[in-house]
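Protein sequence lines, in the order shown, are assigned to chains A and B. FYI, this note's numbering numbers position 440 of the first sequence as 440, with every residue one higher than the one before it. FYI, this note's numbering numbers position 245 of the second sequence as 1245, with every residue one higher than the one before it.
Hints are not guaranteed to be accurate.
Unchecked claim - Okay, derived cross-link-like pairs now, DSBU-like style, lysine-lysine, Cα gap no bigger than 30 Å in a straight line:
#, chain 1, residue 1, chain 2, residue 2
1, A, Lys334, A, Lys259
2, A, Lys25, B, Lys1088
3, B, Lys1500, A, Lys361
Because the hints were derived from the structure by calculation, they are not lab data.
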Amino acid sequence: MISAQDLIEKITSAATCDDCIVVVKDKTQANLRWAGSTLTTNGVIQERSVTVIAFVSVDGGMASGGLTRTDVKLADIPKLLEDAVTAAKAAGAAEDFAPLATNTSIGDWAAPHVPTGPEVFSTFAPALGDMFSRSVADSIELFGYAEHTHETTWIGSKGGLRLRKDTPVGRVEMTGKSHERTRSTWNGVETRDFKDVSVASIDAQIRQRLEWQGRKVDLPAGRYDTVLPSGSVADLFTYMMWVSAARDAFEGQSVFSKKGGGTRVGEKLSNVGLQFFSDPDYKQLPASNFVATAVSSPFSSVFDNGQPIKRVDWFKDGVLEALIQTRASASLTKLDFTPIGENAIMSVDGGAGRLEDLVKKVENGLLLTTFWYIRMVDPNSLLLTGLTRDGVYHVKGGEVVGATNNFRWNDSPVSALNRILHAGATEWTQPREWAGDMSNMATPPLVIKDFNMSTVSPGS
Amino acid sequence: MNKNIDSDFLALPLATVSDAAITTAQGAGASHVDVRIERTRTGLLSLRDAKPETQSDETIAGLGVRVIVNGAWGFASSPEISIDVARKLALTAVAMAKTSKPLSTELVSLVTEPVYANQLWVSEYEIDPFTISDSDKKDRLAQLSNELLKTEIVNHTSAHAMYVKEQKHYADSYGTSTTQQRVRMQTQIEAISIGAGGFESMRTLAQPAGFGWEWMGNKHWNWDAEIAELPTLLAEKVASPSVEPGRYDVLVHPSNLWLTIHESIGHATELDRAIGYEANYAGTSFATPDKLNTLKYGSSLMNVTGDRNTAHGLSTVGFDDEGVAAQQWDIIKDGVLVGYQLDRRIAARVNRDRSNGCAFADSPAHVPIQRMPNVSLAANPTGPTYDEMVSSMEDGIIIKGDKSWSIDMQRYNFQFTGQQFHRVKNGKIVGQLKDVAYQATTTDFWGSMKVVGGPSTYVLGGAFNCGKAQPGQIAAVSHGCPAAIFDKVNILNTVAEAGK
Chain A
1 MISAQDLIEK
11 ITSAATCDDC
21 IVVVKDKTQA
31 NLRWAGSTLT
41 TNGVIQERSV
51 TVIAFVSVDG
61 GMASGGLTRT
71 DVKLADIPKL
81 LEDAVTAAKA
91 AGAAEDFAPL
101 ATNTSIGDWA
111 APHVPTGPEV
121 FSTFAPALGD
131 MFSRSVADSI
141 ELFGYAEHTH
151 ETTWIGSKGG
161 LRLRKDTPVG
171 RVEMTGKSHE
181 RTRSTWNGVE
191 TRDFKDVSVA
201 SIDAQIRQRL
211 EWQGRKVDLP
221 AGRYDTVLPS
231 GSVADLFTYM
241 MWVSAARDAF
251 EGQSVFSKKG
261 GGTRVGEKLS
271 NVGLQFFSDP
281 DYKQLPASNF
291 VATAVSSPFS
301 SVFDNGQPIK
311 RVDWFKDGVL
321 EALIQTRASA
331 SLTKLDFTPI
341 GENAIMSVDG
351 GAGRLEDLVK
361 KVENGLLLTT
371 FWYIRMVDPN
381 SLLLTGLTRD
391 GVYHVKGGEV
401 VGATNNFRWN
411 DSPVSALNRI
421 LHAGATEWTQ
431 PREWAGDMSN
441 MATPPLVIKD
451 FNMSTVSPGS
Chain B
1001 MNKNIDSDFL
1011 ALPLATVSDA
1021 AITTAQGAGA
1031 SHVDVRIERT
1041 RTGLLSLRDA
1051 KPETQSDETI
1061 AGLGVRVIVN
1071 GAWGFASSPE
1081 ISIDVARKLA
1091 LTAVAMAKTS
1101 KPLSTELVSL
1111 VTEPVYANQL
1121 WVSEYEIDPF
1131 TISDSDKKDR
1141 LAQLSNELLK
1151 TEIVNHTSAH
1161 AMYVKEQKHY
1171 ADSYGTSTTQ
1181 QRVRMQTQIE
1191 AISIGAGGFE
1201 SMRTLAQPAG
1211 FGWEWMGNKH
1221 WNWDAEIAEL
1231 PTLLAEKVAS
1241 PSVEPGRYDV
1251 LVHPSNLWLT
1261 IHESIGHATE
1271 LDRAIGYEAN
1281 YAGTSFATPD
1291 KLNTLKYGSS
1301 LMNVTGDRNT
1311 AHGLSTVGFD
1321 DEGVAAQQWD
1331 IIKDGVLVGY
1341 QLDRRIAARV
1351 NRDRSNGCAF
1361 ADSPAHVPIQ
1371 RMPNVSLAAN
1381 PTGPTYDEMV
1391 SSMEDGIIIK
1401 GDKSWSIDMQ
1411 RYNFQFTGQQ
1421 FHRVKNGKIV
1431 GQLKDVAYQA
1441 TTTDFWGSMK
1451 VVGGPSTYVL
1461 GGAFNCGKAQ
1471 PGQIAAVSHG
1481 CPAAIFDKVN
1491 ILNTVAEAGK
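Using the sequences and the hints given, assemble the complete structure.
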C-alpha cells in the first residue's frame, strides 16, 4: 500500500482546482471481547480512509466537495479528483466558506504509522485469564471488552498544509455478575498503552460492588439527591456538547438559544464555580492543536482545516462562555471562533476527594454506577432520558446501606449544572454509553440535587 | 428492476483471494475459515434551509478473514484486497486464535448449512442512487425544503438523504461462495418553527427502505403530498395544548410502532443477548431461553415473525454473512414467545440444528455477529382500516412518527416520543397535543394491545442505525407493522418531567 505521505503529494500535485485538501487516516486496532468468563471474539484490524476535498471557485463564492475511499492507488487519482470537483460544483457556493490555511507544518510528517497489535495485551491478557479463573471459582461471571487503537491522521493541501497527529487510546470495560445474575456491576478504565491497567484493581472493585448488593432495598420513583460517578458525569455532558453548536443556538434551535434571539453566552448557568474547557495542552489528556475534518457539519467546516485549536472555556465560573463554532458561524453569531477540541475537562472550585468521599456527604440519596440508553426528549430544555445500570445504591447517613432497583430517569444536564450539591476531584474517566465516541474526558464525581428518577425499571 | 452486480466489483479477484485465505488458514491449522471481501459506498447529503451543509461520499472496502483453531476464534482484516494480503491475514487470524486459546474456555462450533456454490443475489431496487448526479439529488431536497420555507410557520428546515450500496463476497471452507449487492435509502425532512416560548419541529414520516433513488419520486412515497401538509400540521402542533399526563388509550401508527417493535421485541429476541453475550454493552434480555414456548409476551392478537427475505426489507439478503440462506420464522405466535434470532455459533451453543441466518458484519474490519433480521408484527387479515380504528376510540391519543427512544438493558422499561400526537374524542380527531411521551414495560404494553389493524394499515418501517457489539457495529433493519390500539398506556408530559 502506498504511504499516506506519498499519496497526499501525488494527489495535491495533480489537483488543478483552486485548492485541494487530502486527509488520510491510518488506523490499527487489536481487541478482545469476553462473556461468561470466556473469550467470545477478537480481532486485529487495519483500516485506511483517504478523503479528497476539492475547492472550486463558482458563482457567488467558493464551493467544496469531498470523497472518501479506502485503498487508493495511483491510477485512481485522476478520477478521484474529477469526482471531487464535480461534487463541489454540484454543492455550489459554500455557506461555511472562510479563507483556507496555507503553508503550515505541524507534527512529524515523514514518520510512518506505528501499528498496534495483540502484543499490547502481553501483560493484560494473562492477568485477565487469572481473573477469569478466580471469578469462576467464586461463581462470578465476567463480561467485557478491551481495545487498543492507534490512529494517525495526515492532512496535506495544494496550498502547503502538512499536518500530522497521532491518537493512541485504549480501554477496558468489565461487567461482573453473580448470584444467578441477580447482582451486576461495571468498571471501566481508560489507558494509552495498557501498561497502567491494573486488573487486580478492577477485580477488587467488581467484588466490592457485588458484595454491596447483598442487601436489597426497594425504592419508589421520585427525585433523589444523587451521586454521579465521573463516568456518568462524562456521559451526561458529552451529550450537552453535542447540542452546543453556535449556529443552532443563534437560530433559536437549542437549549442555548436566548429567548428573543441570540445565544445564552454570558449567562450564569451553574450554582457553583464550574469550569469546563478543552485544552490541547492539558497534561493528562493531550489533544490535537489544529482543526482536522473530512466533512462540514454544524460543528466543523472543511474550510477550517489547519486552523489552530487553543484552550476554549465553554463554562468559566459557572458562566456559559462559548459554543462550538466554525469561522463561518463565528462571523454569523459575532462571537469568537471556538472550534470543538479533542478533550473536555470539567472541574468545580473547591471540589476534592473521590466518589467515596462524596457518599459521606449525602444524608439520604442514591449512588449510581452508570447511565445507559441516553436520548434527547425535549431539545428546548435538553431534557434527556435514560436508565441507571449495573448497580444503584441507597445512601443514608453518608453510608451505602444496600442496593436498590434501577430507574428510568428524565433530567437535563443544563438544569443539573444549577443543582450541584458537592463535587469531587477531577479525574480522567471513561463514559459508559459514549466510550467509543469520547475517550479524552476528565470530570469530577458530582452530587446532583433532586435528580428525577421517573419510574422504576425492573431491568437488572 | 436492477438484477446485476456491478461489473467492477465482480472484476475484483474475489475467488482467488478468498481461496488463498482459506487454503493458507487451513494449512496453518484452522478447522473453519470464512472470508468476506466487501465494498460499501455511503452517500450523505444534508441541506440546512435548502442549502448544502454536509456532503460526503465514502467507500469502505477490504478483506476480513475469520478462523476457528482448536475451538477458538481468530480474526484479521485489511483494506487491501490481494492474494498476498489474504495469505498474511489468514496467518494473523490463526495466530490470534492460538493466542486467544488460553482465554477461551468455551469450544466454538458451528451448526451445518447446505453448501451454496457461486450464488449471485441482488436486492429489489430500480435506480442506483450513485448514478444520479449530486446536483439532481440536491435539487430534489432543496425543492422539498423550499416548499416548507415559503410558508409562514416554518422558519428553518433540515433535510438529509443517505444512500448506501453494499457489495459483499463471502466464501468459506465448506465450499459456499456468494456474491451480493444491496441498495438502501433514507430521507428525512424536518420543518422547524421558532416562537416566543421556544421552538417546535415536525419531521416527515417516510421510512427508510431497500429502494434506490426511485424512493424520492412520488410512486412509492408521496413526498409532495406529505410536504404540502406538513406546515399545517406543524402550525397546529405549535398552537396545541400540552398533554395532561395520565393513562390513555393509544393508537400507535406504524411510523411509530416499528421502533417500539425494534426495541422491545427485536433486540429482546436476539438469542446471543438472551444468553449473555452482550451483557457488557448492548445488554441482556428478559426473554431468556427457559421461557421459550411459555412466556406470554403480549395479547393473543400478537403474531411476530423474523425474516431476511421481505421485499425492500433493510435486513433482506440472499445469504447471511455465514453462508446461511435467507428464511422466515415465527418469533411470537398468538402472544407467546416461540422463536429467537440465531447465527451458526449461537445455534450450536443451544443445540439447534440450523441457524436462521442472522449473521452480519457491517464492514470487512468487523467480525460477523448475530444481528437483527426484519422483525415484523402481522396485520389482522380481517382487521379494521385506519379510519375505522380512529372511529372506534372514545377517548385517546394517536401517535405518529418516531423521535426519542430509550429502553433498559433487559428490554423491560421503555420510553418513546413521536412527531405528531392527535387527540381523539368520541371517534373524531379533535386536534393535536404536544410534550407527549409514552412509557411502559414491554409485556404490559404488548399485553394491552386490544386492536390490530388490517392489511390496509400495514407499513414497512425501519432504521439505518441499529447499534450492537464491541467494536461497535451498525446495521439497517426493517419492521413491518399495522396500526394498533393499546389500552390505558402511561402518558408523560415532558415539560413536567423537566421540572417546569
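Hints not upheld, ascending by number: none
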